[in-house]
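**Q** Spelled out, the chains give:
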Amino acid sequence: MIRELHEKLINREITAVELAQQYFDRIAEKDKDIFAYLTLTKELAMEQARKVDGKIAAGEKIGILEGIPGAIKDNICVKDVRTTAGSKILDNYIAPYDATVIQRLKEAGAVILGKTNLDEFGHGSSTENSAYGPTKNPHDLERVSGGSSGGSVAAVAADMAVWALGTDTGGSIRQPSALCGTVGLKPTYGRVSRYGAIAMGSSLDQIGPITSTAEDAAIILSVIAGRDNSDATSAKSSGKDYTNFLTGEIKGLKIGIVKEYLDGLSADAKDSMQKVIAKYKSLGAEIKEIELPNAKYSLPAYYVIMQCEVSSNLARFDGIKYGMRADDHKDTPLDFKPEDRTLFETYLDTRKYGLGTEPKRRIMLGTYALSSGYYEAYYLRAQKVRTLIKKDFEKAFEQVDLILTPTAPTPAFKLGEKTEDPLEMYLADIFTVTANIVGVPAISVPGPEVSSLPFGFQLMGKWFDEENLLNAAHAYEIHPVK
Amino acid sequence: MITKKEVQHIAGLARIGLSEKEVEKYSKNLSSTLDWVEQLKEVDVTGVEPTAHITGLENVTREDKEREFPDKEKIVNLFPEKKDNFNKVKSIL
Chain A
1 MIRELHEKLI NREITAVELA QQYFDRIAEK DKDIFAYLTL TKELAMEQAR
51 KVDGKIAAGE KIGILEGIPG AIKDNICVKD VRTTAGSKIL DNYIAPYDAT
101 VIQRLKEAGA VILGKTNLDE FGHGSSTENS AYGPTKNPHD LERVSGGSSG
151 GSVAAVAADM AVWALGTDTG GSIRQPSALC GTVGLKPTYG RVSRYGAIAM
201 GSSLDQIGPI TSTAEDAAII LSVIAGRDNS DATSAKSSGK DYTNFLTGEI
251 KGLKIGIVKE YLDGLSADAK DSMQKVIAKY KSLGAEIKEI ELPNAKYSLP
301 AYYVIMQCEV SSNLARFDGI KYGMRADDHK DTPLDFKPED RTLFETYLDT
351 RKYGLGTEPK RRIMLGTYAL SSGYYEAYYL RAQKVRTLIK KDFEKAFEQV
401 DLILTPTAPT PAFKLGEKTE DPLEMYLADI FTVTANIVGV PAISVPGPEV
451 SSLPFGFQLM GKWFDEENLL NAAHAYEIHP VK
Chain B
483 MITKKEVQHI AGLARIGLSE KEVEKYSKNL SSTLDWVEQL KEVDVTGVEP
533 TAHITGLENV TREDKEREFP DKEKIVNLFP EKKDNFNKVK SIL
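If you read the protein sequences in the order shown, they are chains A and B. Residues in the first sequence are numbered consecutively from 1, following the working numbering. Residues in the second sequence are numbered consecutively from 483, following the working numbering.
Treat the hints with caution; some may be incorrect.
30 Å max Cα-Cα, derived DSS-like pairs, lysine-lysine [unchecked claim]:
#1 A:K79 - B:K565
#2 A:K79 - B:K564
#3 A:K51 - B:K554
Since the hints were made in silico from the structure, they are not lab data.
For reference, chain B alone in the conformation it holds in the complex:
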């Protein structure tokens, strides 16, 4: 069972604000989904390698070189708040 306190903790880690009502609802929902995936514990996975890439690609590399994006102003226009060409955000300290 995921308690309301745990839901609030997870929501904080996930950076999601929740109302009191939502905390209650998710406490129930998350618990039932987690109970349901418990069935994976029936499977014997001793010595089984986890899947990393399903068709087996490995170490795909490319040259570490910058590429010019042709429409920079279109990216700048998407900033929720800007000053000149800079993205304005709240202080992090």
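This is chain A alone, in the form it adopts within the complex:
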């Protein structure tokens, strides 16, 4: 889709300003019902678009992403733009700097339409935990968009953005992509700089693209990937042009499947996965059954590690340096009169009224698990289990190039269906968290629909092998389903 729009721009069938305006018109028409966007950045977008039009008018060559409009998840800092992370505690936070990925996208000439909705701080799988209200699924407004990057995904699914950035800590790019029918890529841990992304679980978080096609994902990844001195955990290798690897040819590629993952699915979902497997076979891939004996512990290990890291990362939201402080928040009933309060009480009040139910739950669980006497039983044990799961993957990748699973166990569920029991919501991430636990890249691709709703399959690749992953997704897309 990006390539076609690029052709239109250079052939002067449309200007970048007109293209951006088309997207703002569509947002005005559709987003009342869907609620993908928290903030629109029309001034910034039009300024960027005019620059591109100037270059085209002057006969200069433009890059593939120049003038192409996209959306940014609202936990990624865009300079001088409100960045809430879906939380009331950052309701008035204006980012004073650009995240590294934003710097790179701006340098590539991409146009930024606005900031998209998410579960507060990324804590959820449906966007129902956003302090600003849920994003609806464009395919069925009574259903969730998935989460936490639900706004970014819904924006792309409803063509209110050509591309979007999300973040993925346990499936937050891939699970909503599966539920809304978009392509979502979580790169290898460290492939993309996290500088300027509001941290959730620092050993798990990655920023990645949400798009309509694997080729578009490759275009975005090529721009944002690569070493960044501002993120010490970013990988030493530089990024590359991933579109060069999209041959669509996968003869002899070895794809692993895990039998238990398919057995647990509903008949419809299983059928969808069987069709995907059949298609890969017909394209010349070799399908092999593999075993990941410790992978069943990924979800509990993930919740321990993530919550511990959340409790530490969210300690900074205390009403002192930026964001909301309870005593200047006129609408909140305070437990103490501001003038009588100690510093400790300022913290308590600010976090009481500024944070929602799920972040509070995760912070407290993490605090408990890290507190004296419990660290070894929880965090340390989970990190040891993590090592064992990684070893399973190292072994599996000696036999296969990619691993194929469903992205989520079911298509989009109804709004309100899983909000009562946090554990039930956590199970929406059962197939996606493993890639974060072991750090490998993973992509969700729309497969055959289930109950007339989008259903995605997931491919996981070897560490830093985004090439094979994207090419396998591309091969699936360009050969029509039989």
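Please build the complex by placing chain B on the supplied structure of chain A, with the hints as guidance.
**A** What follows is chain B alone, placed relative to chain A:
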């Protein structure tokens, strides 16, 4: 089982004020999540090294040198309460 008293203690450590109702709710929620992660105890982790960095980066260093932030006033503007260019906070003693 996490008692209400423990919830209040944890909330204090985490600097989160809670209403009576929330204390009750979290006492139930936290207990059920902790029961659920108990399954990690089934795994034999004897002699297993904990993961520190998943792709194995070690000792990433940089020069200990200050960098000038170009938009200082933008940071100052974010202070919830300020006096001149200073962030005003409650006394800590």
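**Q** All the hints need checking, so say for each whether the structure fits it.
**A** Verification of the supplied hints:
1. A:K79 - B:K565: This hinted pair holds, its Cα atoms lying about 24 Å apart.
2. A:K79 - B:K564: holds, 22 Å
3. A:K51 - B:K554: OK: K51 (chain A) and K554 (chain B) at ~28 Å, within 30 Å.
Taken one by one, the earlier hints all hold for this structure without exception.
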